[in-house]
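Protein chains: 2
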Amino acid sequence: MCELLAMSANTPTDLCFSFTGLTRRGGDTGPHRDGWGVAFYEGKGVRVFLESGASAESRIAEVVQTHPIKSEVALCHIRQANVGDVCLANTHPFVRELWGRYWSFAHNGQLQGFRAQPGVYQPVGDTDSEALFCDLLNRLRDDGGPDLPVTALSDCLVAYATGYARQGVLNLLLSNGDWLFTFCSTKMASITRRAPFGPARLKDADVTVDFEAETTPNDIVSVIVTEPLTTDEQWDVYTPGEWRLWRQGEVKLRGRVQVPAQSDCSGGVSQRTL
Amino acid sequence: MCELLAMSANTPTDLCFSFTGLTRRGGDTGPHRDGWGVAFYEGKGVRVFLESGASAESRIAEVVQTHPIKSEVALCHIRQANVGDVCLANTHPFVRELWGRYWSFAHNGQLQGFRAQPGVYQPVGDTDSEALFCDLLNRLRDDGGPDLPVTALSDCLVAYATGYARQGVLNLLLSNGDWLFTFCSTKMASITRRAPFGPARLKDADVTVDFEAETTPNDIVSVIVTEPLTTDEQWDVYTPGEWRLWRQGEVKLRGRVQVPAQSDCSGGVSQRTL
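The listed protein sequences derive, respectively, from chains R and G. To convert, take the position in the first sequence, counting from 1, and add 1114; that gives the working numbering. To convert, take the position in the second sequence, counting from 1, and add 1114; that gives the working numbering.
Treat the hints as calculated values from the structure; they're not laboratory data. Note that the structure is a prediction, hence the values are computed from the model and not measured. Backbone N, C-alpha and C fix where the C-beta goes; we use that ideal spot for every residue, glycine too. There's no promise every hint is true.
[Unchecked claim] Below 35 Å or equal to it, Euclidean Cα-Cα: the simulated DSBU-like pairs (lysine-lysine) are:
#1 R:1366 - R:1158
#2 R:1366 - G:1184
#3 R:1158 - R:1317
#4 R:1301 - G:1301
#5 G:1301 - G:1366
#6 G:1366 - R:1301
#7 G:1158 - R:1184
#8 R:1301 - R:1317
#9 G:1366 - G:1158
#10 R:1184 - R:1301
#11 G:1184 - R:1184
#12 R:1301 - G:1317
#13 G:1317 - G:1301
#14 G:1158 - G:1184
#15 R:1301 - R:1366
#16 G:1184 - G:1366
#17 R:1184 - R:1158
#18 G:1184 - G:1317
[What the hints assert, rightly or not] Residues from chain R that face chain G, not an exhaustive set, calculated with beta carbons under 10 Å:
#19 1162
#20 1171
#21 1177
#22 1197
#23 1277
#24 1315
#25 1318
#26 1325
#27 1327
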């Protein structure tokens, strides 16, 4: 399996603290040695750091930990391979352009034998995750358009995700740089930090940060992860089947669908709250 | 204007030496302060480092200079903006997936007012270069398919490039990780290094390398640039209108078309040599 990390903020914010915690799990405090990647949006642009080795031993990951790259949306993945070789083409996050924006995607879980319907987007590597991302974008291209309101967009994403989750474990992060869509079929947690800011201590490294010194009173910064990164904060754990669409650091849309616990393949019921 | 750098090699080779020379021109020995980027292919995967600032002052560019990333195809760009803001979305190289491979593109020149025909690929930023890249891929998607032989593919690329070059200055690098297509409308030069390897000295930095110590006798490594990077080697200068398709460090296809010197808009005549 793999681990996910994402950030949504209302002001450009660096990911150094959280990224430092996550990368230790990539071959040090955790077994996810088979690649790591992180996508940082800056306006409509995105830059992605990718490597097929262990993040805990990477010189480039070390630079990303210590060199503040400010972003309103970022998403990150450390990999423990199950489907597909260990190679750059199989390293998350994956990126494609749709409707004049870069869409990025990272996945934790496994959809054994998943095959994408043929379409404009084709996988480059051979993971189920990238096939699923291409399938999702192909369906969206058929079902929507660049002017699709975000509520209708999230209806599409929830419907697709519900279908995929019937075929396996699907914890996913998806962004176009404007919003961040998160879907939990088994494991995900989030935290929203806002004034008054306090200190926080990483679980995976002897690092403490005082967010008070790093922020302004209006900042709202949320972090979404597979497993909580800090020991002294209260994380909000997702229920299986729960999805949240984040923008500017806050949940803008949320809901829950039914997902199979084990072999339960019953249909999903969606709820949405603005 | 901007500067280009590409590498084609028959064995995974790092770009540290050439990249060190080029990045000095990004705000130190040259005026190209408005962003830099480099794409390294590893198999079918690609990783791209991008920044909208000056490469000569970048901590990330410094890591790319000193941390050997081995690749058979790499392409690089330093930007002095003419069309489009200085921002990440306008930073070359641009990447899109076509037929299950990542295609990357960098451009030196200007096609004022260029508009891409609508199609699957849409620009994210607002440069003429990205619009041109999208136009080229849209046309290729219409005219060809994943099984297009490389000779037919290069015919398409040459025809498109000839048309674009009638509208402005077009020095371009394009790769799908397998081959590297280069087109020169005004300025480009290349060098092919093979055994017996010798030393070389950078023009833009006090750096010398002894390729003998870094290579094996079978290595063939070619570097393609806007302006020669070394002072003590013989570079092969492209003629305006010349194109070369590189693979595994060698020219596999080449030819020349007529391009307007100033306001000459006569048609192109293509030659090709295997």
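Comparing the hints with the structure gives:
1. R:1366 - R:1158: Holds - the C-alpha atoms of residue 1158 (chain R) and residue 1366 (chain R) are around 20 Å apart, at most 35 Å.
2. R:1366 - G:1184: Roughly 43 Å between the alpha carbons, so the hint for residue 1366 (chain R) and residue 1184 (chain G) is violated.
3. R:1158 - R:1317: holds (33 Å)
4. R:1301 - G:1301: Given pair residue 1301 (chain R), residue 1301 (chain G) is violated - Cα atoms ~55 Å apart, limit 35 Å.
5. G:1301 - G:1366: Roughly 20 Å between the alpha carbons, so the hint for residue 1301 (chain G) and residue 1366 (chain G) holds.
6. G:1366 - R:1301: Violated, at roughly 51 Å.
7. G:1158 - R:1184: holds (29 Å)
8. R:1301 - R:1317: holds (18 Å)
9. G:1366 - G:1158: holds (20 Å)
10. R:1184 - R:1301: holds (27 Å)
11. G:1184 - R:1184: holds (28 Å)
12. R:1301 - G:1317: violated (54 Å)
13. G:1317 - G:1301: The given pair, whose Cα atoms are some 18 Å apart, holds under the 35 Å limit.
14. G:1158 - G:1184: The hint holds at about 13 Å.
15. R:1301 - R:1366: holds (20 Å)
16. G:1184 - G:1366: holds (22 Å)
17. R:1184 - R:1158: Distance of about 13 Å is within 35 Å: holds.
18. G:1184 - G:1317: OK: residue 1184 (chain G) and residue 1317 (chain G) at ~23 Å, within 35 Å.
19. 1162: holds (7 Å)
20. 1171: violated (13 Å)
21. 1177: holds (5 Å)
22. 1197: violated (16 Å)
23. 1277: violated (23 Å)
24. 1315: It is violated, given that the least Cβ distance between residue 1315 (chain R) and chain G is near 27 Å, above 10 Å.
25. 1318: violated (23 Å)
26. 1325: violated (24 Å)
27. 1327: Residue 1327 (chain R) check fails; min Cβ-Cβ to chain G is 22 Å, beyond 10 Å.
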